[in-house]
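Chemist: Residue strings, one per chain:
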Amino acid sequence: MTNTIADIAQAKAILVMGSNTTEAHPIVALSIKQAVSENGAKLIVIDPRRIRLVDYAHLWLSQKAGTDVAVLNGLMNVILTEGLEDKQFIAGRTEGFGELKNVLAKYTPEYVEEISGIPADLLREAARIFARSERGSLIYAMGITQHTTGTDNVLSIANLAMMTGNIGKPGTGVNPLRGQNNVQGACDMGALPGCVSGYQNVCDQRTITKCKDLWGAKLPEKPGLSVVEMFEAALRGEVKAMHIMGENPMLSDPDLGHVEKALRKLDFLVVQDIFLTETAEFADVVLPGVTFAERDGTFTNTERRVQRVRKAIEPVGDSRPDWGIICELSRRIGYKMDYSSVGEITDEIASFTPTYAGITFERVSREGVQWPCPNPDHPGTPILHAEKFTRGLGKFHPVEHKPPAEEPDEEYPLILTTGRYLFQYHTGTMSRHSRGLEEMCHEARVEINPADADKLKVKEGDWVKLITRRGKIKVKACVTERAPKGTVFMPFHFKESPANVLTNPALDPVSKIPELKVCAVRVEKAGSRQ
Amino acid sequence: MAQVNVTIDGRQIKTESEKTVLEVAKENGIYIPTLCHDPRLKPYGACRLCLVEVEGAKEPLLACATQVADGMVIATDTVTLHEIRKTIVELLLSNHPLDCLVCESTGQCELQDIAYNLGIEEIRFEGERHTYTIEDFNPLIERDPNKCILCGRCVRICQEVQQDFVYDFAERGFETIVTTPYDRSLIKTLCEFCGQCISTCPTGALTERLSRFKGRVWETKKTKTICPYCGCGCQIELYSKNSEVVRVGTEVKSGVNSGNLCVKGRFGYDFINHPDRLTAPLVRKGRKLKKASWEEALDLVALKLSEIKKKHGADSIAFLSSAKCTNEENYLMQKFARAVIGTNNIDHCARL
Ligand code: SF4
Ligand code: SF4
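These protein sequences, in sequence, are chains A and B.
So the first sequence is numbered by the numbering used here: it starts at 1 and just counts up by one.
So the second sequence is numbered by the numbering used here: it starts at 1001 and just counts up by one.
Check before you lean on any hint, since a few could be wrong.
Said to hold, decoys possible - Capping the alpha-carbon separation at 25 Å, the derived lysine to any residue pairs in SDA-like fashion look like this: (1) B:Lys1188 - B:Gly1215; (2) B:Lys1188 - A:Lys265; (3) B:Lys1309 - A:Tyr335; (4) B:Lys1222 - A:Glu362; (5) B:Lys1288 - A:Val103; (6) B:Lys1222 - A:His258; (7) A:Lys265 - B:Lys1222; (8) A:Lys218 - B:Ser1306; (9) B:Lys1304 - A:Glu362.
Hints are computed from structural coordinates only; laboratory data are not their basis.
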C-alpha cells in the first residue's frame, strides 16, 4: 500500500476493486466502513459478485470478469471529458499524459458498457463521485492481479490515482491488500527469482558486488524461474529437485493435475511444513517446521510495517524453527551460517537492504516501522511518493483492454472465478486445523445465479460437476444472487473439491501471475458425490 | 486542541481540552470504575459508575461523557460517590448468578473487579432474578443473558465498529434483554463471528467456547505477537498455559487493528497444538514416509542437493519460500538458494 490502513478512514471516496474486503481483509474493511459511516465517504465497489461490502456502498458496478482495464479506462474517459482531472498534479508531478489521453479517447462509457456490461450512466456517476472527492483511496487485491492482464490492471489503477491527484496524501493512494500475513515480507526479502532483498536486481553490478562482499558468494547471473515456471521446467526434466518451505502448491497453484505430474517427476523433493500437506505427501524428506507461535522474528504487513513476532511456546515435539533448519543445511553443504539468535539475521537484513537499513531487531521490538527506513533515526514512511515518485515524475502507462486468455464458448459457456471465504484461509493448512473455523465452514459451494441454475435444473445443495479444459471436480451448489448471471464462483481452500484443478495457468507476461480469476467452465448436474 | 489545567483528587494535571475526564484520569493512573465504557466506542453513560464530583456542578457528572475544561476541580472518590457506586453494583449483583467459581470470566470480569474494589460484602437488595435459557448452537460464542448487565457494549461494538447490527435491546423494564433478531442463533444472523462482542463484554455473558475450562487468565502467559492469517498484520496476544495456546486476545487501542480482530485472528489458533502437527522429520523409505532423526534427514537433504547440483547444475534445483515464514527465514532461504546452492530459482506464492 502507498498509504496506511488507518488513513483509509480519512478518504472522502473509496474505490474498491477486486477485493472481497470484509471476508479476506476484515480489519481493512472496518476502516472502510468507518470512513463511510463516520466521515461521510462515498464507497464505490467494482466487483462481478455482490459481495458483502456492497451493503455499505453508494454504487456497485458489476463488471464481467476480466474487463477491468476497460472499466478503468472508461472511468478516466469520463473524468477527462468532464474536465475533472487534477490538472495541477498532472502538470507538476507526472509525464506521459498525452499518450494516455490518446488511448482513453475510444473508451466512452457506451463502448465500455459493451465490453463490461456496466451501464454507461452508472460508470459516469462513479467517475464523477471519485474525481470530485477531495481525497480518494483506491483499494484492490487479487481480483485485480490474478489475470493475464494483471500488470495492465495495476497500471490502470495507478493512472487513475495520478490523474485525480490521489497520491502522497492521507486518505488517498494505490492500496493493494496482500493476501497472506507475510507476503509483503517474503517479496521484500528477495524470495523472488529476479531480485535479492529490497528489490535489488540480480543483474545489477552493484548487487553482484554486494553479494560478493557481504555473503562471500558469486551471485548467479540470470534471473531464476517463477513458481509456475518451476513446475513447467520440472515437467520438462530441467528442474530435478525442489525444496519447498511452508507452501502448498498442490492446492494453491493453477491446474493441479499439472503440478502433481511435475512433483512426481522430480528426483528429489524436500518439504518443510507444520502438517503433512497435500504437497508434503509427495516429498522424499519432510522437515517439521514451527508455527508463528513458536518463533521469533519479524513480519511485514500490507502497509509495509515491519512488526515483531514473539515466541509464545516452545516448538511442539521435535519440530524446529525454519531458520535453524536452513542454517543446519547450509553448514552441511559447506557454507557457514552462524547466527546465535534471530535478531542477528534481522540486523544482517538491515545492513544488506537499503529500504530496511534503519530497521534493527532492537527497534522493531519496541515499535513497528514502515519501510523505506534508510537509517536508524528515520521515522519510517507511512505514505509513499509524498513529494516525488521514486523515479522522479510519475509516468502514465496507457493500456488497452485485452480479453482474458480463455472466454466462454459453446462447450464451456460460463465464467469461473475463485476466491476466499471468511472462515477459511488459503489452502487451509492452518484454518482447517482450527476446530472453530472448520465447524463454521467445512466445505466449498459453487455460487451460481438463480437464472443459470434454473436452466441447468440445479437446486440449492445439489451436487454439480464443474468441467474445464484442465479437469473436473464435484461440488455442491449454492444458488444465489451474489453470483452474477453467467459467472460461477468457488473458493480454493478445500482439498475435497480443489478449485485449482480447474483454473487456467496462463500467465501475465510481466508479473508471471496466473489467471486464477477467469476461466471458461461448464456446469452439469451430478447425481451424487460419487 | 488547547492546553488546559485541571485538578483531580488534589493533583494538578496539564492536559488537552478535547479529552474526557475519564481519559485524563486513566492517563494519570487515577482509577474511576466503569462498566459500559470501551475506548473503541463512543461514550454512552449507561452504567453511571463513573460519576465524579466537579466543583460548581449541582450534581455529579459522568466522567466518560464530560470533557475537561481549564480550571476544573474534580473529585473521583468521595463518600457520596462511593455510596452511589455501591448501590448500583449491589443492584446489579442482586440479579446475577454469582457462579464465579466456574464462570469463564473470573479473573477478567469487570463486574467482579468492581465489586471487590468497592468492598461489597453483602447485597442489601433481594428481588426477582432472570432465568433465561438460551441455547445458541454455534461453535464459537457462548451467550448467557443471565449474566448480562445491559451495558450495551456488545450492541454498540457490533453497530459502531463492526457495523453488522446483530444485537439489540428487546422488551422493557426488568424484562429488557440483549438479543438477536427473532432470538435466532447467531449462525442465522449477519454475524461475522469476529468475537468483538466477547472482547468488550465486561462480564461472563459473552464468552469463548473454544477456551472454556482451558485455563484461568492468571495461569496463562501473555505474548504480544502478530496474527498469522491475512496481510493486515493485526497485533494479537497469545494466552498460553503449559505450552498450549488457549486463547487469543488484544490490547485495546493498540496495533494497526486498534484492538479489533476478525474471526480468523481471534478463533483460528488451535492448529498450533493440533495432534496432527508434524513432530519429527520423515524420510521416504520405499513407498512410505517413515520417522527419522534430524541428523539422518538433514544429512540426506544436504547430500542429495549437493549430488544433484554436481550432476545437473545449480539451476536444476528450485526453491519455494513462504509467506507464512518470517522475514529472517525468507532472507535466509534466498541466501541459501543464491549463495549456497547458486541459483536464482527462488519464489513464493505471492502471486497465488
Ligand atoms: S461476533 Fe461480531 S458480528 Fe457477531 S454479534 Fe459479535 S460483534 Fe457482532
Ligand atoms: S485478525 Fe483477521 S484481519 Fe487481522 S490479520 Fe488476522 S486475519 Fe487479518
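Chemist: All hints, please: hold or fail.
Modeler: The hints, checked one at a time:
{"no.": "1", "hint": "B:Lys1188 - B:Gly1215", "verdict": "violated, 30 Å"}
{"no.": "2", "hint": "B:Lys1188 - A:Lys265", "verdict": "violated, 48 Å"}
{"no.": "3", "hint": "B:Lys1309 - A:Tyr335", "verdict": "holds, 15 Å"}
{"no.": "4", "hint": "B:Lys1222 - A:Glu362", "verdict": "holds, 20 Å"}
{"no.": "5", "hint": "B:Lys1288 - A:Val103", "verdict": "violated, 59 Å"}
{"no.": "6", "hint": "B:Lys1222 - A:His258", "verdict": "violated, 45 Å"}
{"no.": "7", "hint": "A:Lys265 - B:Lys1222", "verdict": "violated, 46 Å"}
{"no.": "8", "hint": "A:Lys218 - B:Ser1306", "verdict": "holds, 17 Å"}
{"no.": "9", "hint": "B:Lys1304 - A:Glu362", "verdict": "violated, 38 Å"}
In this structure, the earlier hints numbered 1, 2, 5, 6, 7, 9 are contradicted, and the remaining ones agree with it.
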